[in-house]
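S.K.: Work out the full structure, taking the sequences as your base and the hints as a guide.
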Amino acid sequence: MTVMKTASKARRRAITMGVLFLLFALAILILFTPGVEQGQKTTFAFSEARSESFVIGNLVFATRFGLYLMAALCAFAGAWQLAKGFEHVNVVLGIVAGFFVVAFLTWAARGQSMNLTGMARSSLLRAIPITLAALSGVMCERSGVINIGIEGMMLMGAFLSAVTGSLGRSVWAGLFGAMLGGALMAGLLAILAIRYKVDQVIAGTAINILATGLTSYLSSRYLQSGSLNSPPTFRPVPVPLLSRIPIIGPAVFNHTVPVYLTMILVVLIQVMLYYTRWGLRTRAVGEHPQAADTLGVNVFKIRYINVLLGGVVAGLGGAYLVLSSVARFDELMTAGKGFIGLAAMIFGKWNPVGALGSSLIFGFADSLQTRLAILAVPIPSQFLLMAPYLVTMVVLAGVVGQSRAPAADGVPYEKE
Amino acid sequence: MGNQEVEDPRTGNAQEHQGETGEAPEGGPSQAGRRGRFRGLVLPAMAIITALIIGALFIAITDESVYEAFRDGIGQGIVRAFLVIGRAYGAFYVGAFGNPVQIVRAIFSGSSTQILRAIYPITETLRIATPYIFAGLAVAFGFQGGLFNIGAEGQYFVAGLTSVFVGYSLRGVPQIIHLPLALLAGMVGGALWAAIPGYLKGKTGAHEVINTIMMNYIAFRLAEFMLDVGGPMARGDGRPVSPDIQPSAYLPQFFPNRIDLRVNLGIVLALAVAWLVWWLLYKTTLGYEIRTVGLNPRAARYAGMNVPRTILVTMAISGALAGLSAATDILGVLHFMPNAFYSGYGFDAIALALLGKSHPGGVVLASLLFGALRAGARNMQGIARVPIDITSVLQGLIIVFIAAPEIIRMIYRLRQPVKGEMLTLTRGWG
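Residue numbers (the numbering used here), protein chains in the order written: chain B, 1 to 416; chain E, 1 to 430.
Chain B regions said to be covered by chain E (calculated; three or more residues, Cβ under 8 Å): (1) 191 to 200; (2) 207 to 214; (3) 336 to 343.
Straight-line distance between alpha carbons at most 20 Å, and here's what the computed EDC-like set of lysine to aspartate or glutamate pairs gives: (4) B:Lys197 x E:Glu406; (5) B:Lys197 x B:Asp293; (6) B:Lys197 x B:Glu287; (7) B:Lys415 x E:Glu406; (8) B:Lys301 x B:Glu414; (9) B:Lys301 x B:Glu287.
No lab work stands behind these hints, which were simulated from the structure alone.
We put the beta carbon where it would ideally sit given N, CA and C, even for glycine.
M.R.: And the structure:
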């Protein structure tokens, strides 16, 4: 009976997905096409004015044509899903959502030009702090410690990076300070969560409040004069050869060191988590600490290490905010990026590469709203900014596949 | 419903609750009435005192005049440090409770203007405590039902929107109707905003912590959209604020001819609601169900309770309480809603609920303390030049010490408690 139940459930889900794809097509036709005037054209530009990469021609096409094409693709996917069914329906959902976004951009840029390379570039830049925050969450939660204090760790990292960067007159000193700041807050979380077995959500909340208070207090005491709050900033370092690839080059390979560092960290943590002894132990401790302990893994040690490393990564996220452009610490400058990172972690299914992917989506939504303001699109930017949070809630509700936390996440370990 | 004898969901014995319901279900029957009740106050008191001591050290360490004095000698340095701390906490006390000498003198002078001026700090403490009580009750109510409502901040914003809308859009309605309607609008706004994560939790098991955080940010954007210049609820004079509410929606101030004494009927409402919450939790079937679900949802289900529905109701009531904090703030003090006002109540409320051990009475006491902290810190910043953010440091420390009582026990060498006194308020992401 349960088998039948799950079978009918899967069937219902398949049909829902097909209908959803068709609705996407319908939405494109209803929402976007009426606003398009006869003969209007959309221009997607690919090269940045200042880049010296091979110049690629702009893509110019009739807006109507673009919209109809995207609607047709969505409708085709929907029909196929209803008739035959896709094997990896979630992947198709992503692709169809992509079609919808392209249609949206086509409509938004009608009669005008939109620089897609610049867009990709700014999406990536905005995704970096979110990615680091999400990676911090992955590190901690994979070992079974909920980290809601990412925001506080980032804030402390940002604060100390401004101070040490100013004192040492060096971006590297700033990076070091940030790692230290994040680790300090993470150390507190680790002691509270592992040693004192405090409710981890509450420990994280305490860290957020404490970090907010400490950094705001100290900054109004010491950082107003400026000598302690004027760190240098990273300069872009184009990667030789790679940065000359059209489109991808300027978008991905012409950035500051922290951006590359983040990308390397994503790959590194992904590989470490799934292909090294440390990773296996971490995952074991996060899923079934008793079993890991029986096999001789020191649960507490693994958790301490992971939480501290998570703090270091979160601190880097704070440093990025300070050392990449603004070159100063401002009170509450993280502005919720730690919490968005938490969402990205869940959206990315507790997986480093997934975290990067979802951070990119969040970064895209963020950069899209500034572009739309320039294009004078009559959609309030606030609604676009809501999108990542809404998507997270939808994902969490299990509509788009399950995102499952490590089994022992948030459960203090007590040695028998 | 009604005034029935309420059983302890944990032991099945009909016994009086002492606000220890935030603790682990396996805690067993609490050992003794009177001494246990007294001991319940020791830890919070110790936590507050310890936080204040660390805060004092922090103030001294970050004061340059202390370092200069230490250069002249250790004795002078220590004296200077105590002076700095004394001045800071002195200003703090005066800001929170008034200058005792001035109060006594004013009372003897018999002049009402002087008395009012002398008790101004106390009225400010009460005014700030009002939204705190509601927000603290909101989070505490969630804790009682096993839910961690981090979304009080977002519920505050949405409730602010609904409440201010009723406040300024209804015209020519007598106060006796308009004011309750505006309050109700705030409650409904907060309740609806909180009910969504509650529904999702009950229906899909999606963790309310993440969902309420997400709803917070959605609420911020919503408020920004509504109140931004040119937005649907903006005043229309180029400022990102809502129109002023009608005087008929004002929560009456106690001293109508002294505008600066902003304490209003809200504080009475807050105390009444705190009692109501206590009654609901400990004297009604619904409260019993909520606490049972909070302690052990599986047992609640076997006992025939509708767990998803109870979760939904718990969140809705919690949101309504958070909504009241916004409504009283706007109807009693601000009289309009500004854009992007970061209230901070949502996060402070977590500290309040913890400090009050999720018991309505405890929350009221904790809120009065926090009201005093904020009122005092403002004076401390003005007179002793100590940044106001010291309150966040103190609050963070208080949460740490309350959540990890072992630290306090270690410092003061207190006796180890009966097993299972640890706080388990939330469960994993689930």
